[in-house]
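K.L.:
Here are the chains, one letter per residue:
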Amino acid sequence: MAEDSEWDAWLTRHAANLVLLVHQRIDRRGDAEDVVQEAFLRFWPSRHKAIDPVAYLYGHVRQCAQDWQRQNRRRARREEMAAQSERAESSVFEAIENNERKRIIEATMQTLSAEQREVVVMKIWGELTFPQIAAVLGVPTDTAASRYRYALQNLAKQLVPEPKR
Amino acid sequence: MSNEPDPLEIELRSLRPAPLSPGFRRRISDRLRRQENSRVARSGRWLLVPAAAALGIGIFLAGYKELTRTPHHHPGAISKMSLPMLAGSVPTDVQPFTLAAYVDASTASADALYAMLDKQSITQTNTVMRENGLGIATHEENLK
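The listed protein sequences derive, respectively, from chains V and Y. With our numbering applied, the first sequence closes on residue 165, and no number is skipped along the way. With our numbering applied, the second sequence closes on residue 309, and no number is skipped along the way.
The set of hints was computed from the structure by calculation and includes no laboratory data. Positions of the beta carbon are idealized from the N, C-alpha and C atoms, including for glycine. Be aware that a few hints might be false.
[What the hints assert, rightly or not] Derived, one-sided and incomplete: chain Y residues facing chain V with beta-carbon distance under 10 Å:
no., residue
1, Phe189
2, Arg190
3, Gln200
4, Glu201
5, Lys230
6, Lys284
Modelling step: build the complete structure from the supplied sequences, incorporating the hints.
P.N.:
See the structure below:
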């Protein structure tokens, strides 16, 4: 079925990035996947209505993550400790050759605010443009761009460049 | 902002988000199919609404036409019924009562008035039906 391959292509392109985006707000990976799943199911039938379906999808997912946070605030607090240890064990990124470097980057990312992390995820891994990011966040394009710039500056301050081999 | 790629950006891009859990796609696929099926079923139900409405209107119009149709259109459709028990007691040649007769009956007793009204009513009905070639046969006709 044509539609099957269509949504499959969408998932291939965006699902992992979206889970990464949600993971910036929701600690447990399983919960993050559930949120993306719900958001995608809501997005899919209405995607044709959007002027920019990609920005619309990211906005949908972000909104669902915020709703989830509100609904599960108590539970989230209760499970915070468990989730933190889970996050320490699992990784939000694929394994690479230099896993220690990856771990440092992940830890440094956690020092950024959630808003900055979201912008970084959307720009770097989602490959969204600043106008798209601005549409997702509901902020002016300049704000989205400056949020990204500050985030990179903060990361650069903390991350010593990897020595070239 | 410079257009040259930032080394940090390049390094970050080299990291890829962790792969999704194995059931993730299947779960979405199953639910999308269910969603699609229920959407089709829902739209099918919506199509039934105008069809049911059209059917209802059709039935109403047919019934209305039947109700308003005069016997002259199909004189042979209803045969003359034989109701001997009733017909035997029905007079066919009663003239309309005068106002004075009604006044007399009403002053005499309530029963007398009701009896007069019944008689008049049955006679008129029978006359109309007879004129239209249908209705109750007289006792004499039944004896034929």
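K.L.:
Could you run down the list of hints and mark each one as holding or not?
P.N.:
These are the hints, each one checked on the structure:
Interface restraint check: Y/Phe189 against chain V, minimum CB-CB distance 6 Å, threshold 10 Å, status holds. Here the hint on Y/Arg190 is kept, as its CB sits about 6 Å from the closest CB of chain V, short of 10 Å. Checking Y/Gln200 against chain V: minimum C-beta separation of about 6 Å stays under 10 Å; hint holds. Using the Cβ-Cβ criterion of 10 Å, the hint placing Y/Glu201 at the interface with chain V is satisfied: the shortest such distance is roughly 8 Å.
Residue-level restraint check for Y/Lys230 is violated (minimum Cβ-Cβ distance to chain V is 45 Å; threshold 10 Å). Restraint check, Y/Lys284 versus chain V: the minimum CB separation of about 74 Å is more than 10 Å; hint violated.
The structure fails hints 5, 6 (numbered hints given earlier, in ascending order).
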